[in-house]
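There are 2 protein chains.
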Amino acid sequence: MTLSVGVIGGGQLARMMVPPAVELGLDIRVLAESAGESAGIAVTQLGDYRSADDVLRFAQGVDVVTFDHEHVPQAVLRALVDAGVAVRPGPDALLFAQDKLRMRERLGALGLPMPEWGAVSSIADLDLFLATHGGRAVVKTARGGYDGKGVRVVSSGAEVADWFDDDDPLLVEELVDFRRELSQMLARRPSGEIALWPLVESIQRGGVCAEVIAPAPSSTGRLREVAAEIATTIAAELGVTGALAVELFETTDERLLVNELAMRPHNSGHWSIDGSETSQFEQHLRAVLDLPLGPTATRAPWSVMVNVLGGTAENRYPAALADQPGAKYHFYGKDPRPGRKVGHVTAVGYELEDVVFRARAAAAFFED
Amino acid sequence: MTLSVGVIGGGQLARMMVPPAVELGLDIRVLAESAGESAGIAVTQLGDYRSADDVLRFAQGVDVVTFDHEHVPQAVLRALVDAGVAVRPGPDALLFAQDKLRMRERLGALGLPMPEWGAVSSIADLDLFLATHGGRAVVKTARGGYDGKGVRVVSSGAEVADWFDDDDPLLVEELVDFRRELSQMLARRPSGEIALWPLVESIQRGGVCAEVIAPAPSSTGRLREVAAEIATTIAAELGVTGALAVELFETTDERLLVNELAMRPHNSGHWSIDGSETSQFEQHLRAVLDLPLGPTATRAPWSVMVNVLGGTAENRYPAALADQPGAKYHFYGKDPRPGRKVGHVTAVGYELEDVVFRARAAAAFFED
Numbered sequence: 001m002t003l004s005v006g007v008i009g010g011g012q013l014a015r016m017m018v019p020p021a022v023e024l025g026l027d028i029r030v031l032a033e034s035a036g037e038s039a040g041i042a043v044t045q046l047g048d049y050r051s052a053d054d055v056l057r058f059a060q061g062v063d064v065v066t067f068d069h070e071h072v073p074q075a076v077l078r079a080l081v082d083a084g085v086a087v088r089p090g091p092d093a094l095l096f097a098q099d100k101l102r103m104r105e106r107l108g109a110l111g112l113p114m115p116e117w118g119a120v121s122s123i124a125d126l127d128l129f130l131a132t133h134g135g136r137a138v139v140k141t142a143r144g145g146y147d148g149k150g151v152r153v154v155s156s157g158a159e160v161a162d163w164f165d166d167d168d169p170l171l172v173e174e175l176v177d178f179r180r181e182l183s184q185m186l187a188r189r190p191s192g193e194i195a196l197w198p199l200v201e202s203i204q205r206g207g208v209c210a211e212v213i214a215p216a217p218s219s220t221g222r223l224r225e226v227a228a229e230i231a232t233t234i235a236a237e238l239g240v241t242g243a244l245a246v247e248l249f250e251t252t253d254e255r256l257l258v259n260e261l262a263m264r265p266h267n268s269g270h271w272s273i274d275g276s277e278t279s280q281f282e283q284h285l286r287a288v289l290d291l292p293l294g295p296t297a298t299r300a301p302w303s304v305m306v307n308v309l310g311g312t313a314e315n316r317y318p319a320a321l322a323d324q325p326g327a328k329y330h331f332y333g334k335d336p337r338p339g340r341k342v343g344h345v346t347a348v349g350y351e352l353e354d355v356v357f358r359a360r361a362a363a364a365f366f367e368d
Numbered sequence: 001m002t003l004s005v006g007v008i009g010g011g012q013l014a015r016m017m018v019p020p021a022v023e024l025g026l027d028i029r030v031l032a033e034s035a036g037e038s039a040g041i042a043v044t045q046l047g048d049y050r051s052a053d054d055v056l057r058f059a060q061g062v063d064v065v066t067f068d069h070e071h072v073p074q075a076v077l078r079a080l081v082d083a084g085v086a087v088r089p090g091p092d093a094l095l096f097a098q099d100k101l102r103m104r105e106r107l108g109a110l111g112l113p114m115p116e117w118g119a120v121s122s123i124a125d126l127d128l129f130l131a132t133h134g135g136r137a138v139v140k141t142a143r144g145g146y147d148g149k150g151v152r153v154v155s156s157g158a159e160v161a162d163w164f165d166d167d168d169p170l171l172v173e174e175l176v177d178f179r180r181e182l183s184q185m186l187a188r189r190p191s192g193e194i195a196l197w198p199l200v201e202s203i204q205r206g207g208v209c210a211e212v213i214a215p216a217p218s219s220t221g222r223l224r225e226v227a228a229e230i231a232t233t234i235a236a237e238l239g240v241t242g243a244l245a246v247e248l249f250e251t252t253d254e255r256l257l258v259n260e261l262a263m264r265p266h267n268s269g270h271w272s273i274d275g276s277e278t279s280q281f282e283q284h285l286r287a288v289l290d291l292p293l294g295p296t297a298t299r300a301p302w303s304v305m306v307n308v309l310g311g312t313a314e315n316r317y318p319a320a321l322a323d324q325p326g327a328k329y330h331f332y333g334k335d336p337r338p339g340r341k342v343g344h345v346t347a348v349g350y351e352l353e354d355v356v357f358r359a360r361a362a363a364a365f366f367e368d
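Going line by line, the protein sequences match chains A and B. Sequential numbering of the first sequence, starting at 1, is according to our numbering. Sequential numbering of the second sequence, starting at 1, is according to our numbering.
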C-alpha cells in the first residue's frame, strides 16, 4: 500500500515533510540541487528543477509531485502534466504564487481586498504612482523574491533603476498603515475539501518572519470569519491543492488586505507541528495525495513559534534543554550564517505571556 | 552543532527514531542487515550486527551508538566500548535484557517482586519444577526470544525437549494468575536523570501486544507508586541508559510482578508519539546523548494504541481517513504477512470508550 510523494527542492520545507511521511508509511523522495541540503535524508536524485529532463526522470514512479519552493518554471510544470504526472499544486494555480503581478490581477478580479497597486515599467511610471500615493511605496519584482529579497521601500523611481533593466514590469504597492500581520493557512484537496488552521499573527523583523502566535491574539469572530472567507475563496477559485498561506495586513482601520500568497507549507504554519492536531506538513501530504484531511484544532490554547536566525556552530542543546525541557526544537541541518533561518522553536501552553517567554528563551540559546 | 546517533538494526524502532532525529537536527545513521528494511531512509551501511568489524566501521564518527534490538553480541558491544565508542545502553546493562536467566538472578538479588522461577537444564529438572508449581509453567529460552517466540506454556518437560538440545539452561516460571499486564516505561541519562511515563495497560493476543491504554485504567496511587519504584530501581541499579520498558503482571491478589525488560523504545510506549509531550523515541535520543529529558505529561486524558497485524497490500487510507480523520496512523514500510506488526494507530481524547472505539475502528481498515 506504499504511496509515494516526490518533492522538488531540498530545503527545510521538504525536510519537515519527512517526519509525517515516515510516520504515515509514505515513500518520500526529494529532488535536490546538491548534496548536503536540509532534506538530505530523503534525497533520491540530484538535479536541476529548471530542467524538464531532470524533473521528468525524478517524477517516474511517484504518485504525486509537490514542492519545497515555488520556483519550478511553468514550462517544466506543463511538461510534467503533459506526461501524466499528478502535480500539486498544479501549474495553473502555482502561477499566482510565482508571479505577484498575475496574483494581484487575479485577486482583483475576484474582488478581494488588497493594498492599492500598479504594474510599472519605467522610472517615470513608478514616480507617477509615488506622486499619487503619498510619496513612498513598496516595489517588488514580480518573480523570484522571498524573505524580503526582491522587495524595496522607495520614495523615488531611481531607487530601483537596476530592476528595470530586465524589461519585466515591477509591482508597486501602497505602503499600508497596518496594525499587525496575520496569516491564514489552509489545505485543500483536489476533490475540494478544505481545512483551515486558526488565524495566526506573524511578527516580522527585517522583512523576515521572526515569531508566530497561534491563534492571533484578540482575533474576534468577525476578523476570523473574514480571513477564512478570503483564504477559502483564493483556494477554491485558484484551484490550489496542498497547503496555502495567505499573508494579510490588519490595517489600523480594521480591514484585512491580502499581502502575499504561498502555495506550500509556510513559516507561519510551523507552530502546527507541535500545536495542532494535524501539522501543516502532514496535512500537505494528505492534501496532495487527495486523502481526507485531518482535524486542525489546537492542542493547547496558545502556541508560539520563534525562528532561529544565524545560529551557532556549537552544541547548545545541554543548556537549552536544561532551561526549557518542554520546548520543541527544530533544526534544519544548515550551517550557521548571519540572518539565515537555521531552525525554529515552539512552545505551547495556557498563558500567552509564559508561552512567549519560554519560546524566546529556548530559541535564544541557539543564536550568537 | 550536528550531533550524530548511530542505530544498530533497521527495524521499526529505528524507523520511529527518524522523525524526532530529523526534527532535532540530529544526524541519524542506521546499520541494517539488508536493503528495504523499515528504517531504510536512514540506512548508511549494510552489515552484520554480529560482526565487530562491521559494527566498528559503522560507529566511526558517531557521537553515540544505540539499538533497534537487543541482539548485538556482548563481544561486539565490548569491542565498541574498548574502541572508545559511547554505547547506550552499555553492555553491562544490556546483558540483563539479552539473557532472561541473568535478569531473573539480578532482579532477585535486588529483592524485586517476580514470578517464582528456576533455571532448568533437563527434562527431569523441568518436570520437578512442574510438580511443585501446579503442573503447568512457562518455559522460555534465556536468549533470543521476542513477541511470543521462545516462549511455551507446558505441562510436561518433554514439550520443550527440542530446546534442551542447545545445552543452555532454560528459564521456567510459574503461571501467574494475573488480572492484567502493565508496562512502566522510563528513560534514563548516563548522568542519572530519570523521567517516567504514566503506567500503561498492555493487552496481549497470542503472546503479541495488541493494544495499549495510557494511562492504565484504575491505576490507583499505590499501584502507580510501586510500578514507578520497581522501574526506577531497575534503571538505576542496572545502569540502564536510554528507554527502559518494565513489563509487569498485576496479580489477582494485587501484587506487581516483573515479567520482562526491554532496554529500548518498546511497543507499550508507541502511544507516546501522539499522546505524550515527549515521545519515547525523542526521549531515547535525548537520553543516549545525555541531554536533559523532556516532560512526559499526557496531551490528553486517554491515549489508545492498536497494533496493525498482518496488514493489506491495498491502500486503505482513503476509507480509514474518511472514517477516522483524527486518528494517528503509523506504518513501518513492511510487506504484509500474517501476524506481522506492520504499523499501529493511536487515538487520543477525553472518554476512554470513545478513544478505544476510534483507535480500533481506524486500525481495522488495514487488516484483511
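Everything labelled a hint here was simulated from the structure, so no lab data went into it. Be aware that a few hints might be false.
Per the computed footprint, the stretches of chain A lying under chain B, defined by three or more beta-carbons under 8 Å from a beta-carbon of chain B, are [unchecked claim]: (1) 18–26; (2) 177–186; (3) 203–210; (4) 307–318.
Listed next, with one range per pair, are the computed distances between beta-carbon atoms [what the hints assert, rightly or not]: (5) A/R337 / B/G61: 19 to 25 Å; (6) A/Q204 / B/N315: 39 to 45 Å; (7) B/R57 / A/D323: 55 to 61 Å; (8) B/R78 / A/A313: 53 to 59 Å; (9) B/A210 / A/A364: 56 to 62 Å; (10) B/G61 / A/P318: 16 to 22 Å; (11) A/R78 / B/G61: 41 to 47 Å; (12) A/G310 / B/S218: 31 to 37 Å; (13) B/Y350 / A/S218: 27 to 33 Å; (14) A/S191 / B/Q60: 45 to 51 Å.
Ideal Cβ positions, reconstructed from N, Cα and C, are used throughout, including at glycine.
Hints, verified against the model:
no.	hint	result
1	18–26	holds (count 7)
2	177–186	violated (count 0)
3	203–210	violated (count 0)
4	307–318	holds (count 8)
5	A/R337 / B/G61: 19 to 25 Å	holds, 24 Å
6	A/Q204 / B/N315: 39 to 45 Å	holds, 41 Å
7	B/R57 / A/D323: 55 to 61 Å	violated, 38 Å
8	B/R78 / A/A313: 53 to 59 Å	violated, 34 Å
9	B/A210 / A/A364: 56 to 62 Å	violated, 46 Å
10	B/G61 / A/P318: 16 to 22 Å	holds, 21 Å
11	A/R78 / B/G61: 41 to 47 Å	holds, 45 Å
12	A/G310 / B/S218: 31 to 37 Å	violated, 52 Å
13	B/Y350 / A/S218: 27 to 33 Å	holds, 28 Å
14	A/S191 / B/Q60: 45 to 51 Å	holds, 50 Å
Checked against the numbered hints given earlier, the structure breaks hints 2, 3, 7, 8, 9, 12 and satisfies all the rest.
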